[in-house]
Every structure is written in structure tokens, then in C-alpha cells.
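Asks: For this one, chain D is given, so just place chain S on it according to the hints.
Which chain is which? The protein sequence lines are D and S, in order. Numbered according to the numbering used here, the first sequence spans residues 247 to 554. Numbered according to the numbering used here, the second sequence spans residues 25 to 430.
By construction, these hints were calculated from the structure, which means they are not laboratory data. There's no promise every hint is true.
What the simulated footprint calls covered on chain S by chain D, stretch by stretch (three residues with Cβ under 8 Å from a Cβ of chain D suffice, anywhere in the stretch; the number is not a length) [said to hold, decoys possible]:
#1 139-146
#2 160-170
#3 185-195
#4 222-229
If you anchor each label on the Cβ, the simulated ranges turn out as follows [what the hints assert, rightly or not]:
#5 E300/D x W46/S: 47 to 57 Å
#6 L137/S x V511/D: 21 to 31 Å
#7 N231/S x M530/D: 57 to 67 Å
#8 I133/S x T389/D: 37 to 47 Å
#9 D380/D x E315/S: 45 to 55 Å
#10 K319/D x N351/S: 54 to 64 Å
#11 P151/S x P472/D: 52 to 62 Å
Even for Gly, the Cβ is constructed at its ideal location relative to N, Cα and C.
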Amino acid sequence: MEKKQNFEAPKNKIDRRKFMKWMAAGTAAIGTLSALPGCTGDKIEAYFQKHFKELSPAELDGVLERLQREYKKKYDVEISVNSTPAIEDVLFGYGLDLSRCIGCRRCVYACVAENNQSRNPQVQWIKVLQMEKDKGVDLLHSTPYYEPKKVPEEGHFYMPVQCHHCKNAPCTKVCPVHATWTEPDGIVVVDYNWCIGCRFCMAACPYDARHFNWSEPGIPKEEINPITEYLGNRPRPKGVVEKCTFCIQRVRKGKYPACVEICPVGARKFGNLLDENSEIREIMKNKRVFILKEELNTQPKFYYFYGT
Amino acid sequence: MHFRIFIIGSLKQLFKGPKIYWAWITLLLSLITLGVVSYIGQVNNGLIVTSMRDQVSWGFYIGNFTFMVGIAAAAIMLVIPAYVYNWKPIKEIVILGELLAISAIVMCILFILVDMGHPERFWHMIPFIGWLQLSRSILAWDSVVLIFYLILNSVIAFHILYRAFNIKEYNKKYVIPLVLLSVPAGVAIHTVTAFLYNGMASRPFWNSAILAPKFIASAFCSGPAIMLILFQILRKTTKLQIKDEALWTLAELMAYTMFFNLFLTGAEIFKEFYSNTEHFVYTQYLYFGVEGHNTIVPFGWLAIAFDIIAFVLFLVPKTRKNFITLNIGAVLIYLGVYIEKGIGLIIPGFTPDTLGEIYEYFPSRSEIFITMGIFSFGFLLYTVLLKVAVPIILGEFNYKISEKKN
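So that you can see chain D by itself, here it is in the shape it has in the complex:
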């Protein structure tokens, strides 16, 4: 109704008076906001936070502390947020034995628990595809939605897919703001505080390895893994992209990724590609290894092989 009156009597005086009123209201609102204690200061700091790579060591410490405060407030859980540097002379590689995988999806759920993925709506960094033996590796005829009482099912084999940590990664190339990049140890990471949520990387990824937080991630607070990494498994906000980090919070401390550890049949192998005596190099030397979609020249560090 107000708008209409305004149109009928377009006198400058009224406009100006209204304008002044709005200005006063705006100033008052900003005043109240900045007077709010604690949390608002953190919010302003978070908004103006620099890119991860541009933070000085002192600034990084400040950011990690602020994040811990934020998580404490949001989840009422003490969460440690770390920033562990890459180990020198290490390039991580992953092997997946297609002849062993039985499609039990324990890796999927170990990953969800370890990496604080959203339970509702479900976000899963690992996708296990069921394939028909007489078709071979055929993505078009595969399905991630198989629900038998017992796996493996007759006539089928299973192909888990997750981030391939490509050497020539199409996802980091397309990011307009450098929010995702390859770390020195070969892990492709995302700065969740810098990602603008344009999802260009998701369109560019040929392995469906990137996932978007379409809504606020739902994680029951008693299920939160409190040992987290800034570039890894710390809880994410809505509206950003996330992905497998080879469990950066574990592997940089010399542990296996959660999916490798949980696998009941030993189908998952992991190690340092630069170490000639590592298991992953043994596999590459002695087994028949292949990569997915080699024609795209993405050069994955995720190798499929037939162990037996």
C-alpha cells in the first residue's frame, strides 16, 4: 500500500524524508549488530578470512582457534582443528583390487564416520558401483543402488569410485577462485572457507567425486569425529563442495585412510608412490593395473588392478 501512495504523490520531500528514515534505521541496525558480543566478531572475521595459502602462521592459528569456537557453539563438542603439513618426499597413491572387492560398502560408512559427512541429507565420498560380469567395466550399465541380503551377488562384481586425486586434475583447473588445489603430497583439497559454491568443479570432474552441501549438513553430535584437519574432515558449512582427501588427517600422521583400514577383504591398498619398496609400487610392478577413463588424460593416482 505504501508503494502505491508513493507513486501517486511523487513529491521529492516525501522521498527524501523516507530516505533519511531508512538511513537512520540502517545505521541503528549496524550499530546493534556490532554491539553483540563474541559471536558477531567471529562472524565478521570469518567473512573477511584470507585464502588458506595466504594466511601467515599466526593468522592460521587464529583461524583454527576461531573454527574450534564456532564448532563448540554449533555442535556443543570440543573439536580440534589442525593444519598438518605434507610430509616431504611423499606422493600418495591408491590401489583398488577389483578381484577382491565384494561390494559390502563398509568403506563407504567408515568414510562417512571418519570424515564427518552429512547423514541427513546423505553425503558419501565413496560410491560402490555394481557391475555385470558379462559386460565388464561398463559405467552406463552399472548402479550404486543395489540392496541384496548378501553380497557379492551372483554374476556381479563391484567397482568403488572416489576422488582419483588426478595429477592433471580438471576440477582444480576450472575453479575461478583457487579454492581447490593439489597439495605437495598429491592430495586434492578444498578450502571450505574460500569456496563460493559455483560447482564448476563438479561439472568438470569425470569421476563424480565432488559433492555439494545442498543443505546444512546433518550430523548427530555424538557421532562427530573430533580430530579434524582444516583441509580435511572438519565439519563443513552448507553451500560448499567437499570430497575425499585420502583421509588427510590420518595419512599425514602415518596412518592408513579409514577405507583401507576397514576393508574386510584387503581390496584397498595405499602408500607412497615415491618409495620403491611401498606396497603400491609392488602392485604397479607385478599386477595388471588400469586407470578409469584414461582417454581424458587426468592421470589419476588411483589405480585399479586385478590381484588374483
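Replies: For chain S alone, kept in the frame of chain D given last:
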């Protein structure tokens, strides 16, 4: 110069108008309100209120963005003959094309903003303040050329109008080079937008060299289609004189560009059909459906049917010069390209997804309301710009007349 009078006079222009003008403004404002309310819902709940998911991670917003980039680029089609060849029938209406480009780019920016998970972090894209990845990201380049094109057209249009308001001829020394620059800039915004999709090897449907030429061809159909209808409205509602000859010439040019567009579409369909590789599945999804998934099949065929009918209507001189068939043709072209560049381009690119899963996407109510809101805002902006520009072009609104009234 009389800047204060210009601003006050322009504001006064906006509040003058017949009932139908106010009805139009009211309609737009209510649709904008609906869009804003829906957008607030999206901000609060996240993009989960859209139908987009990990499998189809771009949808209606990005489709509309792509279409509007084409509309903005098409403004140059009018600019070239008018300035370079000093071609009278079109020259006076070129400014309308430029204002259309401005409104279209503003809509493009809005479509990108509503699609972003964190629009408030837009400053990360500002060079030196944020960290724009110009070295590798096509999206970074797209934002640069779009902003540049917006500034360029705003400067040209404002200069011409402001000079005319002061009853002075525009400064040829600056305007002609800028106009010439806007030609490659118009081609650039569309080419770079095509390259966004084109450069992704993960999506075979887009990874085709024909994409950028096809973008240009279809844009040169849809942009003029809007102008055709707009010119007829303007010459009915204002004293602006636009000769039939100008409209027919436009329509004839559109027939040729539509032929080229259809030819490129045919070339693409042939390649997919005949070679019949695994990559055919995306084309199949658009035109036939895959294993019973056929939500967008009607749209695929509608676009082709609209394009062909409009092409024939504009090619035959008799139907081109008949205003009923001319207008039908313009609407069909608009709708045809809208489907082609929106749903018909984005959705098959994602269906099936990179691991072969089929998720059937169709825009949600929130997406449709927000899109309607952005369209209404674009129309409102264009209406406002025209409300000031047309009287200036007609010589009904300049500093002398405004001073007299005061």
C-alpha cells in the same frame, strides 16, 4: 552540462505514465516480491530447495544465464550496420539494443548469484582483493568479459543519451572506437560462455567444437526476436518511428542465422547418430529418453519444431512481411532458443552423470519463482531505462524542456 536536471527529470519521467504502465510495473514488482521471498527461503534452507543434486549440479539458473548471455551478445548485431555503415533505418533504435544488453547482463549476474552456494563471498572473485584464477579458469574469464561488456555498453549508452539530453551530438572520436570494441566484446561474452561448457572433457555432450559457433548463431536469432516485438510495442505506445523496412530486414537476417543454427544442430545430431558411440546417450536422453527416463524429451522436439517453423516463416517474404506471422515467428524463435540454451543444453550434459547414473531433473517451484523474479527485475530495469531513453531519442525530454517546466 545539466546533470542535476538530468537526474531529477529522469526520475520524474518514471512516475509519468498511463494506467497500463502502472499495471505493468505493479505486475513486475509483485513477481519480484515473489522471487525475493523464494530466494530468502533458498538462502535459509540451502540449494536443496532446487531440484539440483550432485548428479545434475547445474540446472535452470545456469540455463537461463546462458540464454541471457546470448540476448546481451545479440545487441551488437544491431550496432554493426548502424555505426559502421551509418545505416539510417536502424541507427536511432540501436540505443535500445544497447540498453537491452545492459539489462540482460544484469540478469546474467543475478542468475549466477542465485546459483552460488556462497554469494556473499563474491569478493573472492575480485582481483587483488580476492584471488581470481585468471591463469586457468574459464569462469574467471567469463566474469571479466561480462563485467567489461556491462561497463562498455553502459558508458556508450549513457554518453549518447546524456549528450542528446544536452542537445549535442555524441562525441564521435570516443563513441566509434568504443562501439567497434563492443563488437568483439559481444562475440567474446558468448564465446567464453560457450567455452565454459566446451572445455569440459568430463561431459561429452558439451565437449564439441561446434558449441561456440552454435551459441553465436542461436543468439543472433533470439536477441533480434525480442527487439522485433519490442519495436512494434514502442512505435504503438510512443512517437518513436520505426520503419517496417527495418523490421523486415531484421527478420531476414534472422532467417539466415536460424538456418545456420539449424545446420549446426543437424551436423551435431548426424555425428552422434551415425558414429553411435557411448556418447550418443546424451543426445538420446534429449530426444528419445533413456530406459523410460524421458522428462525433457518433449522440450527437445519442441525446440526443433519451433526453430524450423520460425525459419520458414521468416524465409518466405510473404509471411515475413505479414505482421501476424512475423510475430508468431519471433515468439517461436524466442521459445525455441530458450529451450535449446536452457534445459536442452544443460540437462543432457549431466544426464546420465559421469558414472552412468540417471537423475531426472526438472526445475522446482523455488527455482521457477526465483527465475521469474529475475526476469521481472530485468524487465523492470529495461522499462525504466526505456522510459528515460525513448523521450530523449524523440527530443521530448532535454534540458531546455525540463528547465522551462521548472
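Asks: Is the hinted range of 57 to 67 Å satisfied by the C-beta distance from N231/S to M530/D?
Replies: violated (30 Å)
Asks: Counting residues of the stretch 139-146 of chain S with a beta carbon closer than 8 Å to any beta carbon of chain D, are there 3 or more?
Replies: holds (count 8)
Asks: Note whether the CB distance of L137/S and V511/D lies within 21 to 31 Å or breaks it.
Replies: Violated - the Cβ-Cβ distance for L137/S and V511/D, about 48 Å, lies outside 21 to 31 Å.
Asks: Confirm or reject the claim that E300/D and W46/S have a C-beta distance inside 47 to 57 Å.
Replies: Given about 52 Å between the Cβ atoms, the range holds.
Asks: Under a C-beta cut-off of less than 8 Å, do 3 or more residues of the stretch 185-195 of chain S approach chain D closely enough to confirm the stated coverage?
Replies: violated (count 0)
Asks: Evaluate the given range 37 to 47 Å for the C-beta pair formed by I133/S and T389/D.
Replies: holds (40 Å)
Asks: Given the hint of 54 to 64 Å, is the C-beta distance from K319/D to N351/S inside that range or not?
Replies: Given range 54 to 64 Å: holds, Cβ gap about 60 Å.
Asks: Verify the coverage statement for the stretch 160-170 of chain S against chain D, using a C-beta to C-beta distance below 8 Å and requiring 3 or more qualifying residues.
Replies: Three-residue rule met by the stretch 160-170 of chain S, so holds; n is 6.
Asks: Between D380/D and E315/S, does the beta-carbon spacing fit 45 to 55 Å?
Replies: About 18 Å separates the Cβ atoms of D380/D and E315/S, which means 45 to 55 Å is violated.
Asks: Counting residues of the stretch 222-229 of chain S with a beta carbon closer than 8 Å to any beta carbon of chain D, are there 3 or more?
Replies: holds (count 5)
Asks: Using the C-beta atoms of P151/S and P472/D, is the stated range 52 to 62 Å upheld?
Replies: Given range 52 to 62 Å: violated, Cβ gap about 38 Å.
Checked against the numbered hints given earlier, the structure breaks hints 3, 6, 7, 9, 11 and satisfies all the rest.
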